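J.: Protein chains in written order, with our numbering: chain W, 1 to 286; chain S, 1 to 265.
Hints were generated in silico from the structure; no laboratory data involved. Misleading hints may appear alongside valid ones.
Label pairs and their calculated CB-CB ranges [claimed, not checked]: (1) S/Trp242 to W/Tyr244: 45 to 55 Å; (2) W/Glu19 to S/Leu73: 18 to 28 Å; (3) W/Glu19 to S/Lys57: 21 to 31 Å; (4) W/Ile275 to S/Glu217: 42 to 52 Å.
What you are looking at is a predicted structure, and each value in this text was computed from that prediction instead of being measured. Ideal placement from N, C-alpha and C gives every residue a C-beta, glycine not left out.
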Amino acid sequence: MNIEVSALTSIYHHRTPFEHIALDELTTTFEQGKYYAVIGRTGSGKSTLIQHLNGLILPTRGNVRVGDLVLKKKTKQKVIHQVKKHVGMVFQFPEHQLFDETILKDVMFGPLNMGLSQEEAKERAEKYLSLLGVPLDQIGRSPFDLSGGQMRKIAIAGILAMEPEVLIVDEPTAGLDPKSHIETMKLFKEIQQEFNITIILVTHDMNDVFEYTDEVKLLGSGKLIKEGRTLDILTDEKLLTDHYLEIPDIVRLAHDVSKKGVALNRMPRNTDEFITLYKKWRDERA
Amino acid sequence: MLSNMLLGRYIPGNSFIHQMDPRAKIISVLFFMVIVFFANHWLGYLLLILFMLSVIKIAQINIFFLFNGLKLLFFILIFTFLLHIFFTRGGTTLFEWGFIQIDSEGVITGIYITIRLVMLLIITTILTLTTSPIELTDAIENLGAPLKKIKVPMHELAMMISISLRFIPTLMDETEKIIKAQSARGSTFMTGKLKSRVNALIPIFIPLFISAFKRAEEMAVAMEVRGYKGEEGRTSYRELKWGLKDTSAIVIIILFGVMLFLVRM
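Using the sequences and the hints, build the whole thing.
T.: Here it is in structure tokens:
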């Protein structure tokens, strides 16, 4: 399922003294099965854009097309509910949305809202909880007894159990320890490849963007500044500094060593790749 | 919808009323609340309305802005009005249909009581619009000082009020976030049957309470870490100063009260 955004304009507090244009005539497409990153400095419109993609905010002008469904200024709640079945959203600090007595019930909440029967919902909840490595003998416990990282996993399972075709994740690693950070990012990548879903990641961490995503949409002041392959955009140092974004560590490292005469075959995406390429270069020289 | 609410909001300004000592403002509001009940016929109510309009003018508050912010409370007013229309008997009967009977007395009392309520709403809203929460709690603590003699923890009460006021916007933001998160999970509290709507509130309130309790605990720890131990040995950065304008404001309001008392019938 593709998402087509056309001439999307979003204005907060429209027609009041506090009027603020968050998105300005933005047009872009998200294709099925790809891993996207939406980047830009704070206030560039990233959060507003992603909330439009599943109908949490409706456009002031323009429209968002999710498969056959169209989201416009006056779209009915019924249509929005349909869109939510297809487009899942993991908010920042998703563990804050947990509420039910047991882990299992909490994960079943989404699927039940989608109209599944108790049995189906339970089946799905168990499937995704075990996928995230939650032991099934634990799921009768209260989610509030768990650690922050564990709670986040439960919350993510709650979204995955709705089996969305498009998954939007907003700063999924904020406040996590380094180990959980890597685990969470790896998990999303695995899910994307295994179920062939689209992932749209919003983050400030350019290292994650560079390592995991296929394509990048760069936003600035509510406009689409540039879109394209991650490899092209995140190696463009001038573009990144112009928009107050960090250059990925590995890109900087590769540039630095190339100045010292180490000519790698291609740009590595992570540390492991860097080491492999470096070894190859050394072997070739020897 | 929530962003329109004026209740408890403060808008900085530089008017006469903004500059008044918060204690004088609280005392004036209390006096006014009593005075409102002096009026018992049209002349009194007319004077009340004129007085109120001039206070709004002096406070430099846009009157449309004020009424817009109080919109949410209008249904309470309408409810009171209808209650009086249907249940007050007396005067001539204007309308009769089955068990419904409307008397002229009912309409008049309905209007009067509604005006009183509007006056009370507006005066308290003006108080909070023109006084920052900190000033307000300082004044409450100061005015309540005599109560300390009989072991009423005035300082703690004032601190509680100022903390609650400070967290209203935070909790509003939090509520909005949780509503979005749950509606992304397909929760439908905007549509459907009443029962399902009420059920849909549970996933919103529980996370909200949990985060509120967490915040309260963090706040308590942070206060203790910074050495807070209640009122004992605490000095204040802001000093309340009673000036000429405060005395004159109180005098004006008392004179107005006397005037209203004289026009009573």
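J.: Hint by hint, note whether the structure agrees.
T.: Do the hints match the structure? See the list:
1. As the Cβ distance of S/Trp242 to W/Tyr244 is approximately 51 Å, the hint placing it in 45 to 55 Å holds.
2. For W/Glu19 paired with S/Leu73, a C-beta distance near 26 Å keeps the hint of 18 to 28 Å intact.
3. Checked against the given bound of 21 to 31 Å, the beta carbons of W/Glu19 and S/Lys57, roughly 28 Å apart, stay inside it.
4. The hint said 42 to 52 Å for the Cβ distance between W/Ile275 and S/Glu217, and at roughly 46 Å that hint holds.
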